[in-house]
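Engineer: Sequence:
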Amino acid sequence: MIRLVFVHLKYELLALLRMPGFLIPSFVFPGMFFLMFAAPYLKTPETALKTTTSFMAFAFFTVVFFQYGVGLSQERENPWVPYLRTLPLPAGVRPAAYLLAGLLFALAAALLVAAVAGLATPFHLPAGRWPTLLAALVLGAVPHGLMGLSLAYLTRPRAALALANLIFLPLSYLGGLWMPPELLPGWARAISPWLPTRHWAELVWAASEALPWPAASLLALLGYAVFFALIATWAWRRGTG
3 MIRLVFVHLK
13 YELLALLRMP
23 GFLIPSFVFP
33 GMFFLMFAAP
43 YLKTPETALK
53 TTTSFMAFAF
63 FTVVFFQYGV
73 GLSQERENPW
83 VPYLRTLPLP
93 AGVRPAAYLL
103 AGLLFALAAA
113 LLVAAVAGLA
123 TPFHLPAGRW
133 PTLLAALVLG
143 AVPHGLMGLS
153 LAYLTRPRAA
163 LALANLIFLP
173 LSYLGGLWMP
183 PELLPGWARA
193 ISPWLPTRHW
203 AELVWAASEA
213 LPWPAASLLA
223 LLGYAVFFAL
233 IATWAWRRGT
243 G
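Per the numbering used here, residue 3 is the first one in the sequence shown, and the count goes up by one each step.
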């Protein structure tokens with residue numbers, strides 16, 4: 003089964019590489035956005051560390067949410083997908099390959115943000131903190147990827163992109179992925195602690211500073227993951243039943 007997963011992963015990556023309309027906004031946009039709107043204002047290592055790691059989470063969010071929310075929604079109308087369901091494959095092969103492909107592209111987008119920060123700001127993260135930071139990024143990507151899956155199975159392809167932006171942009175802003183929460187307006191600061199993106203940011207900030215992960219944020223992300231997993235499962239069964 004593992005060999006089959008990697009075979010499907012290979013062709014999933016090739017398919018994504020042949021889609022510049024996906025690669026450019028998903029892979030390049032977070033680093034470009036960071037360079038234009040954040041990097042010029044980061045003058046100290048402390049602010050550069052917090053903002054850069056926030057934008058790394060933003061890069062992960064961009065890839066997994068749009069790939070699973072918009073990309074999968076569009077694939078549902080592709081005749082190739084029903085054909086693949088007829089193949090004698092274990093049930094988890096294609097979802098596992100799709101998940102790994104999304105995480106690999108998300109990791110590449112996040113590392114691009116870190117590279118831009120290293121060149122344009124005083125950002126520095128000790129080598130020993132990178133594994134914990136990457137673990138926090140992947141962990142936070144789970145409920146947000148499931149959110150994208152829920153969107154994919156609940157909406158039609160033509161509506162998916164518009165709805166994805168209506169969800170993605172407010173969550174990024176209010177969750178503190180673009181600026182520290184203390185700089186948000188009062189109404190936004192009141193909403194921020196309830197959002198999954200804010201709890202994701204809390205994990206990432208703790209990892210970057212070698213602090214324990216906040217238990218409340220871990221529980222919140224787990225709750226969101228279960229919630230969106232239930233919605234995605236129900237919507238998938240409704241759409242394929």
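There's no promise every hint is true.
Label pairs and their calculated CB-CB ranges [what the hints assert, rightly or not]: (1) Lys12 x Arg240: 26 to 36 Å; (2) Arg240 x Ala17: 37 to 47 Å; (3) Glu48 x Ala137: 37 to 47 Å; (4) Leu221 x Pro42: 22 to 32 Å; (5) Met21 x Ile169: 19 to 29 Å; (6) Thr88 x Tyr43: 49 to 59 Å.
Hints listed in this document are in silico derivations from the structure and should not be mistaken for laboratory results.
We put the CB at the ideal spot given by N, CA and C, even for glycine.
Engineer: Given the hint of 19 to 29 Å, check if Met21 and Ile169 actually sit that far apart at their C-beta atoms.
Structural biologist: This hint holds: roughly 22 Å between Cβ atoms.
Engineer: Do the beta carbons of Arg240 and Ala17 sit within 37 to 47 Å of each other?
Structural biologist: Roughly 26 Å apart at Cβ, these two residues miss the hinted range, so it is violated.
Engineer: Starting from the range 22 to 32 Å, see whether the pair Leu221 and Pro42 falls in it by beta-carbon distance.
Structural biologist: violated (37 Å)
Engineer: Starting from the range 26 to 36 Å, see whether the pair Lys12 and Arg240 falls in it by beta-carbon distance.
Structural biologist: holds (31 Å)
Engineer: The hint says 37 to 47 Å between Glu48 and Ala137; measuring C-beta to C-beta, is that right?
Structural biologist: violated (22 Å)
Engineer: CB of Thr88 to CB of Tyr43, is that within 49 to 59 Å?
Structural biologist: holds (54 Å)
Consistency with the previously given hints fails for numbers 2, 3, 4, ordered from lowest to highest.
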